[in-house]
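**Student:** These are the residues of each chain, in order.
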Amino acid sequence: MIEIQRNRIDVEAVVDSVRRNDAGAIVVFLGTVRADPDVRALDYEVYKPMAVRTLTELGERAREKFGILELSIVHRAGRVPVGGDSVVIACAAAHRSEAFAACSWVMDEVKRIVPIWKTEAGPAKRRARRP
Amino acid sequence: MQIQVRLFATYREIVGEGQLAWTFRDGTTVGQLVEAVLAKYPRLLGHEKSMVLAVNHEVVRLDVVLREGDEVALLPPVSGGRR
Numbered sequence: 001m002i003e004i005q006r007n008r009i010d011v012e013a014v015v016d017s018v019r020r021n022d023a024g025a026i027v028v029f030l031g032t033v034r035a036d037p038d039v040r041a042l043d044y045e046v047y048k049p050m051a052v053r054t055l056t057e058l059g060e061r062a063r064e065k066f067g068i069l070e071l072s073i074v075h076r077a078g079r080v081p082v083g084g085d086s087v088v089i090a091c092a093a094a095h096r097s098e099a100f101a102a103c104s105w106v107m108d109e110v111k112r113i114v115p116i117w118k119t120e121a122g123p124a125k126r127r128a129r130r131p
Numbered sequence: 001m002q003i004q005v006r007l008f009a010t011y012r013e014i015v016g017e018g019q020l021a022w023t024f025r026d027g028t029t030v031g032q033l034v035e036a037v038l039a040k041y042p043r044l045l046g047h048e049k050s051m052v053l054a055v056n057h058e059v060v061r062l063d064v065v066l067r068e069g070d071e072v073a074l075l076p077p078v079s080g081g082r083r
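Chain order of the listed sequences is A and B. Per this note's numbering, residue 1 is the first one in the first sequence, and the count goes up by one each step. Per this note's numbering, residue 1 is the first one in the second sequence, and the count goes up by one each step.
These are computed hints drawn from the structure, not numbers from a lab. This structure is a prediction, so every number in the text was calculated from the model and none was measured. One or more hints might be untrue.
[Unchecked claim] Calculated cross-link-like contacts (lysine-lysine; reagent style DSS-like; alpha-carbon spacing at most 30 Å):
no., chain 1, residue 1, chain 2, residue 2
1, A, K65, B, K40
2, B, K49, A, K48
3, B, K40, A, K48
4, A, K111, A, K48
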């Protein structure tokens, strides 16, 4: 499951999308919007066709690199309030070590190469969040 | 030939639009397109070093030759974030 969506992410549905009988581990990562000073939400701008393509390629590379069984990535677009989930990654593998490694690697790659930009939304400001 | 130029985040805010339709001569490269965009929108100058270019959703080098109907995206660095 690779999706970019404006509505809330159903975490359980993402987990269910990677369930397999030959998996012994599922690692789930949630990226959430942190309450930094004056931040009420983050606005995510997404170049959707390229983001979907890049996320799909990341899933394929993760399968080859770590030997995992299934990987799903769902990312929000638009405004996500403080405390909300902006990204959910679920990774299923035969054993937990490759599931943890793949999940961590995929999230780093999402931050590095997927065309998604975030802007802080607060009471009276709009600025790009620093890395 | 007609080329769609897409701009995102900081670049979109600077230019004031996220999508432009431009006509270029046959044989124009991605690098020449970037030069033309920078000449028309000089407030983008200085951003070209960190700019990532994509044609039809795939990252490309500056020497790639454009074709009729291509979509060229000018991408600012993505969000990053601490691990």
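**Student:** Looking at the structure, which of the earlier hints fail to hold?
**Tutor:** 1
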